[in-house]
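What follows is the residue order along each chain.
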Amino acid sequence: MNLGKVTGTLVASRKEPLLEGLPMLVVRQLDETGEPSGGYVVAVDSVGAGVGEVVLYASGSSARQTAVTRDKPCDAVIMAIVDQWDVDGETVFEK
Amino acid sequence: MNLGKVTGTLVASRKEPLLEGLPMLVVRQLDETGEPSGGYVVAVDSVGAGVGEVVLYASGSSARQTAVTRDKPCDAVIMAIVDQWDVDGETVFEK
Amino acid sequence: MNLGKVTGTLVASRKEPLLEGLPMLVVRQLDETGEPSGGYVVAVDSVGAGVGEVVLYASGSSARQTAVTRDKPCDAVIMAIVDQWDVDGETVFEK
Amino acid sequence: MNLGKVTGTLVASRKEPLLEGLPMLVVRQLDETGEPSGGYVVAVDSVGAGVGEVVLYASGSSARQTAVTRDKPCDAVIMAIVDQWDVDGETVFEK
Amino acid sequence: MNLGKVTGTLVASRKEPLLEGLPMLVVRQLDETGEPSGGYVVAVDSVGAGVGEVVLYASGSSARQTAVTRDKPCDAVIMAIVDQWDVDGETVFEK
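Chains as they are written, first to last, in our numbering: chain A, 17 to 111; chain B, 17 to 111; chain C, 17 to 111; chain D, 17 to 111; chain E, 17 to 111.
If a hint is listed, it holds; no wrong ones were tucked in.
With a straight-line cut-off of 25 Å between C-alpha atoms, the simulated DMTMM-like cross-links for lysine to aspartate or glutamate are:
| no. | chain 1 | residue 1 | chain 2 | residue 2 |
| --- | --- | --- | --- | --- |
| 1 | D | K21 | D | E110 |
| 2 | D | K111 | A | D104 |
| 3 | E | K21 | D | E106 |
| 4 | D | K21 | D | D102 |
| 5 | C | K21 | C | D99 |
| 6 | A | K111 | A | D47 |
| 7 | E | K21 | D | D99 |
| 8 | B | K111 | C | E106 |
| 9 | B | K111 | B | D47 |
| 10 | D | K111 | E | E36 |
| 11 | E | K21 | E | D104 |
| 12 | E | K111 | D | D102 |
| 13 | D | K111 | D | D47 |
| 14 | C | K111 | E | D102 |
| 15 | A | K111 | B | D104 |
| 16 | D | K21 | A | D104 |
| 17 | C | K111 | B | E36 |
| 18 | E | K21 | E | D102 |
| 19 | B | K21 | C | D102 |
| 20 | D | K21 | A | E106 |
| 21 | B | K21 | C | D47 |
| 22 | A | K21 | A | D104 |
| 23 | E | K111 | D | E106 |
| 24 | E | K111 | E | D99 |
Reference excerpt, derived from the structure (chain C facing chain E, CB under 8 Å, subset only):
| no. | residue |
| --- | --- |
| 25 | T23 |
| 26 | G24 |
| 27 | Y56 |
| 28 | A79 |
| 29 | R80 |
| 30 | K88 |
No lab work stands behind these hints: they were computed from the structure. Where is the CB? At the ideal position from N, CA and C, for every residue including glycine.
With the sequences and hints as input, model every part of the structure.
Put into structure tokens, the structure is as follows:
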């Protein structure tokens, strides 16, 4: 899994029927220290995350292992909202 | 999933029989701000996208989770045409 | 899927029995404009491609979705020989 | 699999129910010589690793092949604590 | 699949029970010309490769398609020992 910050939303009216109703969010990838690492991903939200929140997302086939994404053409899913993370004994992020 | 712009088409008469009839498009990858990020992918189109359109594509095994790509040797599928996306409170793209 | 040019061959007499008889080719990865992008992959050939040909290959679990690669430890397969591809209204490659 | 050093912990109270109770650790990726390679991953711990330990982790669908991660939205798992590794005839790391 | 050179060994006494008895080797990744490409992977050996040998390894779910790795948390497997490979009409490597 990787850490990211929800930075945006996306609207797509014409899409694969299996994606109907799935909330899709733009997630800016963060490095271990909480800084943007240069990439992003569009992920389905399975936990009710909002713009600005720090989240954990899973990629690949593992992204289909939630109730909302099972058997769907989804390769990234937000599966946790991060409360806190610590690295090298220091708190990098606290909600 | 990632964002891309359909930039081209591809013709391959000699191919795996399972790919027969699947439309394949060249997709230039876009970053979070809508700029080309340097990569591309050839994706099967499941939503009737055309050259010039901004799309969302899925990769890996998730690309096989649509009606047209199921059980086929396809690792990238266009599964939505993007109408709009916003990042950091600003509209990056509007169709 | 990605584009590549078959640049070489590989011989391996000691291998996983499931790979017996599968032709393996060295494929130089090409970018959207037809230039080498710096990487390569060794792929199983499912379409009778030869050295010098421009091909389309699939990666990951999707590489196992052909008659010759099913259930085999193969993570890249050539599944089409490219006749032509166009980008931004220009023909990048024509066989 | 890749080598990493456990550098931190992560707390997420709101998450996909399937992740309930799974310990998640921040793992700094190491290169072949034991130096940080610049990346990290958040992995589920299946072997009782602690902060500071050098571990081996698996990614992708293979991360779901342990007793604790089966069928869960987990794309990285720590599946071994490294005692020693040698490269080019020299011991790079010894616990 | 990709090419690599076996450069080392790894010992891990505390590990996922499913990995018990699987030989794990450190593999330095090679580019198309036989030079190190900067990366490495720890792979399960399914063919009896030794340190110093040039091998072919598969990644991802395909790494679980051998007799020794089936259903195990293994994302890289050595599935062939390379005898020879040629690129652009020249022999890059001969055992």
